[in-house]
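Taking the working numbering, the leading residue of the sequence shown gets 29, the next gets one more, and so forth.
Treat the hints with care, as some may be off.
What the hints assert, rightly or not - Beta-carbon label-pair distances, calculated as ranges:
hint : residue 1 : residue 2 : range
1    : PHE53     : ARG269    : 19 to 27 Å
2    : GLN495    : ARG559    : 16 to 24 Å
3    : ILE84     : ARG606    : 18 to 26 Å
4    : GLU436    : GLN495    : 23 to 31 Å
5    : ILE84     : ALA612    : 47 to 55 Å
6    : PRO455    : ILE84     : 21 to 29 Å
7    : ASP549    : PRO623    : 28 to 36 Å
8    : VAL349    : ARG559    : 54 to 62 Å
9    : VAL348    : PHE263    : 27 to 35 Å
10   : ARG606    : VAL348    : 44 to 52 Å
11   : LEU158    : SER55     : 36 to 44 Å
12   : ARG484    : PHE361    : 14 to 22 Å
13   : ASP445    : ARG484    : 19 to 27 Å
14   : SER55     : SER216    : 34 to 42 Å
These are computed hints drawn from the structure, not numbers from a lab. The C-beta atom is built at its ideal place from N, Cα and C for all residues, glycine as well.
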Amino acid sequence: MSAWLLTYAVHSSVLLGAAWLVLRFSSASPAARAVIWRAAMLGGLVTATIQASFDIRPAGTIVLDVVVSDEGGANSPSRPAPAGAAEPTAFQQEAIEDIPAYESAPQQSAVSVATMLTLGWLVLALLLVLWYAGRHLVLVGRLGDRRAVTDPDWTAMLATLRSEAGLQRQVRLTASQAISSPVALGSSEICLPLAALDELEPAQRRAMLAHELAHLVRRDPQWLVLACVLERLFFFQPLNRLARRGIQESAEYLADEWAARRSGGVPLARCLVKVAEWIEASPLGVPVAGMAEQRSQLSARVAHLLERGDAPPSRGRVAVVCSVLGLVATALFAPGVAGLPHSGANVPGETAGAGLVAAPGDTAVVRALMARLRDENAEVRQAAADALGRIGDPLAIPALVASLDDPEAEVRSSALDALSQFERGVPAEPIRALLAFGDPEIRARAASMLGQMRDRSSVGGIGRLVQDADADVRREAIQALAEIRDPAGAPAVAAALQDRDVDVRRQAVQAMNELGGSIPDATLAGLLQDRSAEVRQEAVMHVSERQVVSMAPQLIRMLDDPSPDVREEVAEALTEIRTTESHAALRRALEHKDPDVRRIAVEYFGEQEEDQ
Numbered sequence: 029m030s031a032w033l034l035t036y037a038v039h040s041s042v043l044l045g046a047a048w049l050v051l052r053f054s055s056a057s058p059a060a061r062a063v064i065w066r067a068a069m070l071g072g073l074v075t076a077t078i079q080a081s082f083d084i085r086p087a088g089t090i091v092l093d094v095v096v097s098d099e100g101g102a103n104s105p106s107r108p109a110p111a112g113a114a115e116p117t118a119f120q121q122e123a124i125e126d127i128p129a130y131e132s133a134p135q136q137s138a139v140s141v142a143t144m145l146t147l148g149w150l151v152l153a154l155l156l157v158l159w160y161a162g163r164h165l166v167l168v169g170r171l172g173d174r175r176a177v178t179d180p181d182w183t184a185m186l187a188t189l190r191s192e193a194g195l196q197r198q199v200r201l202t203a204s205q206a207i208s209s210p211v212a213l214g215s216s217e218i219c220l221p222l223a224a225l226d227e228l229e230p231a232q233r234r235a236m237l238a239h240e241l242a243h244l245v246r247r248d249p250q251w252l253v254l255a256c257v258l259e260r261l262f263f264f265q266p267l268n269r270l271a272r273r274g275i276q277e278s279a280e281y282l283a284d285e286w287a288a289r290r291s292g293g294v295p296l297a298r299c300l301v302k303v304a305e306w307i308e309a310s311p312l313g314v315p316v317a318g319m320a321e322q323r324s325q326l327s328a329r330v331a332h333l334l335e336r337g338d339a340p341p342s343r344g345r346v347a348v349v350c351s352v353l354g355l356v357a358t359a360l361f362a363p364g365v366a367g368l369p370h371s372g373a374n375v376p377g378e379t380a381g382a383g384l385v386a387a388p389g390d391t392a393v394v395r396a397l398m399a400r401l402r403d404e405n406a407e408v409r410q411a412a413a414d415a416l417g418r419i420g421d422p423l424a425i426p427a428l429v430a431s432l433d434d435p436e437a438e439v440r441s442s443a444l445d446a447l448s449q450f451e452r453g454v455p456a457e458p459i460r461a462l463l464a465f466g467d468p469e470i471r472a473r474a475a476s477m478l479g480q481m482r483d484r485s486s487v488g489g490i491g492r493l494v495q496d497a498d499a500d501v502r503r504e505a506i507q508a509l510a511e512i513r514d515p516a517g518a519p520a521v522a523a524a525l526q527d528r529d530v531d532v533r534r535q536a537v538q539a540m541n542e543l544g545g546s547i548p549d550a551t552l553a554g555l556l557q558d559r560s561a562e563v564r565q566e567a568v569m570h571v572s573e574r575q576v577v578s579m580a581p582q583l584i585r586m587l588d589d590p591s592p593d594v595r596e597e598v599a600e601a602l603t604e605i606r607t608t609e610s611h612a613a614l615r616r617a618l619e620h621k622d623p624d625v626r627r628i629a630v631e632y633f634g635e636q637e638e639d640q
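Assemble the whole structure, with the sequences as input and the hints as a guide.
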């Protein structure tokens, strides 16, 4: 909950701030302004929920790691290790001290600061919402004297407007001496000041009723209540107040437009001026959808009416599209805060490689398995690492990292495999340390994992493994550099283009394509003549992607390569290079013995005819 609130605070600041900037420096219509303010106010709730629900973590996202204390548990420093267990290293001991107890011994959990802040927010938000509800009750009490308007002129006029608006529900028309400006109440009531019954001309009466009926048609009272509740519920976001005022202001302008089309702009403007004469100060304690509750806008609204008259309504379709795109971009790219439970809380672990998730009641099992990583038997420790990798609970990451220093190679390998199941949360530094490990299998797996992690800081260490004595290590190192996609790794990969191992050479050519590195012509010519068809095919792809025109003559000769896959790739490459020589070669290829080569040539000349 704390993570969600913090994410909402970030996203709402981005959306509301962007809305203010856009509307501050643009001449958006009232309809567009209403859409943008509503989207900005509700958008933070939507995007924060999307990120939390789908575990979206854009760059810059902060992870909350909530740790609870463990006193007197099985892993307390005062408890000795099991008899005969391997003595833990300093790094292991540091991680072991963070592992919560797995036995059923009494524990005292410290309440986190995040929990205290969340509870504080709940209490204060509830008080503010209750205060708002109380003010609403006061308003209802002040309007307790209102009575139904039975004047047939007023009721007939309201019925006509309802029919024109296509509004099916009944609308109650009342009057009260407690107000000096008409207001729309709930979803089906218009309350008029008593002065309106006697002092308005027929055209002004119609304009007043049309304005308040527009609020009901647009459901402005409900929107205003929602905005006021959100303003108090998320009191820590001051921009919500700005959004609520923007929503209220836009509602008045849109109600004016709606009424002007049915009663004329001039009568409505005169009605606004008349109502302004009755008002000395706003008597209501909460924002309402009233005709003249915001006196500071009256002059601007009157001028707007006189300029527009009964012009067609303003539209907000472009604003809707832009708002939706803004919400999608915020959900996908705006950083937030993610929660990572770290000990005694009974919450599910993250889904990991094998897809197994610890059930809410299995936290004790996870802690027990972490303790078995220190078992005296190496096979038990290895099995515990395998099990923790399948469960995928982030709580186990520190203990698995500590097991990378286990004296048994099988345990280290299993711990590394288990850590590779986690998509995030694994520190790169302990993995980088394994790049210089004596066991080649560990070196290869460490390089592979760092590649999956896209750890740019590891490029230098992985690059040194390209010259490793073990071919598997060299292949994994090259693949890792390709996955990291840092151009700084290209020189190390280039050195492997003439490696004695066929698979290493093929992997190196493919990695050079992915890294965008250039291969010298002499080296590339040798790769095009490599004894391995796969290497030759990768080299042809490099020529095609990098448009190495100097290799065109050699490619033409390779149309008769023994490998059909290579011949097909060569034909495709010639269609991309598009030199005079390649054009002539493709013309001859229309009679080639290989049907795939003939097909590519036919398609090439068909495209040529279309272009002409």
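Hint check results:
1. A C-beta distance of roughly 21 Å is found between PHE53 and ARG269, which places it inside the suggested range of 19 to 27 Å.
2. At about 22 Å, the beta-carbon gap between GLN495 and ARG559 stays in the expected band of 16 to 24 Å.
3. Roughly 43 Å separates the CB atoms of ILE84 and ARG606, a value that falls outside the hinted 18 to 26 Å.
4. For GLU436 paired with GLN495, a C-beta distance near 28 Å keeps the hint of 23 to 31 Å intact.
5. Checked against the hint of 47 to 55 Å, the pair ILE84 and ALA612 passes, with Cβ atoms roughly 53 Å apart.
6. Distance hint check for PRO455 and ILE84: the Cβ-Cβ separation is about 22 Å, which falls inside the suggested range of 21 to 29 Å.
7. Between ASP549 and PRO623 the CB atoms are about 32 Å apart, so this pair conforms to the stated range of 28 to 36 Å.
8. Here the CB-CB span from VAL349 to ARG559 is close to 58 Å, well matched to the stated 54 to 62 Å.
9. Distance hint check for VAL348 and PHE263: the Cβ-Cβ separation is about 29 Å, which falls inside the suggested range of 27 to 35 Å.
10. Remark: the range hint 44 to 52 Å for ARG606 to VAL348 is upheld by a beta-carbon distance near 46 Å.
11. Restraint check, LEU158 to SER55: a C-beta distance of roughly 40 Å satisfies the suggested window 36 to 44 Å.
12. For ARG484 and PHE361, the hinted distance range of 14 to 22 Å is satisfied, since their beta carbons lie about 20 Å from each other.
13. For the hinted restraint 19 to 27 Å between ASP445 and ARG484, the CB-CB distance of approximately 23 Å keeps it satisfied.
14. At about 35 Å, the CB distance of SER55 to SER216 agrees with the hint of 34 to 42 Å.
When each numbered hint is compared with the structure, a violation occurs for hint 3 only.
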